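Start from chain A and add chain B according to the hints.
Listed here are the chains, written in short residue letters.
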Amino acid sequence: MNTKGLMVVAMLMLSLMAAQGTLPANQRINGKLVWEAFESQRQVLQKSSAVIYTDGKSHVKTAYGVVVSEQGHVLTKASEIEGKTPISIRVGRDLFSEVEVVDIDDQWDVAMVKVKSDQVFTPVVLSEDDDVQQGNWVISNGSSSRSLRRVRVGIASAVTREIKSTSSGVVLGVQLGMDKEDVLEIKKVTPKSGAEKAELKEGDVLLSAGGRQLKERADLLQAMKGKNPGESLEIEVLRGKKKIKLDVELMARPGKPKMTRNDQMSGGENSLSKRRDGFPRVLHHDTPLTKSSVGGPLLTLDGICVGMNIARASRVATFAIPARELREMVTRMLK
Amino acid sequence: MKKNLPELRVAVAMTMAVIGSLAPSLGAKVFPLNEKKVPESMEDLMAIQDALVGSLPRVRKATVSIKLGEGFGSGVIVSPEGLILTAAHVTAGVGKELTVILNDGTEHKALSMGLVSNTDAAMMRITEVGEYPYVEMNKENDYQLGHWIFALGHSGGFDKERGPVVRLGRIVKDSETTLQTDCKVIGGDSGGPLFDMEGQLIGIHSRVSKTMEQNMHVPMREYIKHWDEMEENKFLGDGPFAKRPVKGSGFLGFGSSDTEEGVIVGKVLEGGPADKAGIKTGDLVLGINEQKIADKAALKAILKEKTEGDELELSISRKGEELQIKVKLGKR
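Line by line, the protein sequences give chains A and B. At position 1 of the first sequence the residue is numbered 1 (the working numbering), and the sequence of numbers has no breaks. Here the working numbering = 1-based position in the second sequence + 335.
The following block holds chain A by itself, in its conformation from the complex (with noise of 0.2 Å):
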């Protein structure tokens, strides 16, 4: 065969390559080339999106988090953190390593920690608005190195909403007795219950929850209904002779939840995050984030900050509290 032929075979080729090809991993959505897009967003995330670390070396992140005073208040997700200590974290270059947990919002799952430093931080601008739009861009901290944050993005998907719980229920952590069935005394407190919480004793008799009447288990059953892990019910019980009111926070029922087929789907336990659900509202957007990458503000293309990542849901789902939520909360904490 002549040269002419071998160009004319290799030209084929080539065009048999490009038409069966595939799109290189740099240009698809999420690829290097397509973030430097995103290169003014990316530089709110750099002052305002703090890496959380709980390793002890500051090595690998635990979750992100929100900066959201000029003093080094830092909005994250409560249960990544919880129980692990010590508590670091880096905010652009800076690591801070003096740390302490402030406030913690377990309906939302969200704990204010604060930096102890003289440094003035550059806190996220809270979106005015209620909601984002169906099909705007959303950009949330991906990766991180020890100087760089760097963006992945992603689309608002759907319909802000609650998102219910699907545990089992919950439980204010109480054993009740069996033996006499029109009173329900408190046979055992669960340790570090919300019933412990609030000094439940044994003994107390339970008289009504939630405003309700108990005369039997169901009705205990029925006032706990529909509640969420984090949040609490009213509690009247008579202890002797005197009768007492309580405030009990109600938590998860003990026992590994379901997984469904489309939890294993999105990678099961590994990389879901364990609390995804009972939020009573969220923004869904469709950023492929890892389960360490929550925590952190989520900003539309003009760099506001219209929310927090706080659950990666599903294989096609990351929620994020929405900023008028966000905004409630961080006044309350900070007051």
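No lab work stands behind these hints, which were simulated from the structure alone. The model shown is predicted, which means the values in this text are computed figures rather than measured ones. Heads up, a few of these hints could be off.
[Stated by the list, open to error] Short, incomplete list of chain A residues facing chain B, as computed with Cβ under 10 Å:
id, residue
1, Thr22
2, Ile29
3, Val34
4, Ser40
5, Gln134
6, Val153
7, Ser157
8, Arg261
9, Asn262
10, Ser266
11, Gly267
12, Ser314
[What the hints assert, rightly or not] One side of the interface only, derived from the structure: several residues of chain B facing chain A at Cβ under 8 Å:
id, residue
13, Leu368
14, Lys372
15, Gln384
16, Gly481
17, Gly491
18, Asp517
19, Val520
[Claimed, not checked] Simulated restraints, written as ranges between beta carbons of each label pair:
id, chain 1, residue 1, chain 2, residue 2, range
20, A, Gly267, B, Val388, 28 to 36 Å
21, B, Asp494, A, Glu39, 31 to 39 Å
22, A, Gln43, B, Glu378, 57 to 65 Å
23, B, Ser544, A, Gln222, 40 to 48 Å
24, B, Glu375, A, Asp247, 53 to 61 Å
25, B, Asp494, A, Gly203, 26 to 34 Å
26, B, Glu378, A, Val125, 35 to 43 Å
27, A, Gln43, B, Thr546, 48 to 56 Å
28, A, Ala25, B, Glu511, 56 to 64 Å
29, A, Thr190, B, Glu378, 34 to 42 Å
30, A, Gly268, B, Glu370, 38 to 46 Å
31, B, Glu370, A, Arg327, 39 to 47 Å
The C-beta atom is built at its ideal place from N, Cα and C for all residues, glycine as well.
Using the frame of chain A, we list chain B on its own:
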């Protein structure tokens, strides 16, 4: 089944006419961002966002949820009469009764039509007369590697408050019978639509692989290629996405015995196909689909050629009265 065909043909002819009238407007615009390797500026990103937000309200309305027994999938309406494109593994057969849920929560009866079992293409139609929201199809097949696209679907099943879920991505790979994109899909999205930025249908969600960027869709060209056969309720191919019904797999649901008069119905299975159709013990079976039945062997010979879901018309003599009763065969 036979009796239904003419009616179906009418619906089909109307559908074709509508598609024909849409043809001139197709392929008129090209989304300019597709010419660029990647978006380079805020303006480019805004162009993608504006195109998506502009297309969404129209195409959302035509994205439906499909219920078949306990399973659920998605589909998209492509004609005002309610012709729907979906995936073969969602309809799982020809002539099956399904339920279509529109975004407002209203449920409509539907019937599955033809399918291609080796590529996962399938067609179905809403059987209730009405005027339904529908999308345009990209019949030019001008979608290419790197084009920006978006997916809609009822991920995880119908949720009225949430509505259909939208995801953005690009075409990652394009082969004759499969489009791969980085638009993430999941269970419940199957059969849902993939659109170009003009909101024209370019594919239907089929399956996923392990990584986030392995989302497979049946390209529009596969539907166009087999359009007529699918309209004629044909089961095409022997692939993994739907199982071809096996001859002899259907059953009537009654016992019978040969007598001097002919075949007499014995015990009728409660809740079985014959029971539902109103056949009673003691009925004399004279014929099936205009073929005379002389004995049990003749009855068996007919059933051997039929499959579950087929409809038979039985000529019955009951106390001297002659009745015509239609029975839809159950699964043996």
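- Okay, which hints does this one fail, numbers in order? 13, 22, 25, 26, 27, 28, 29
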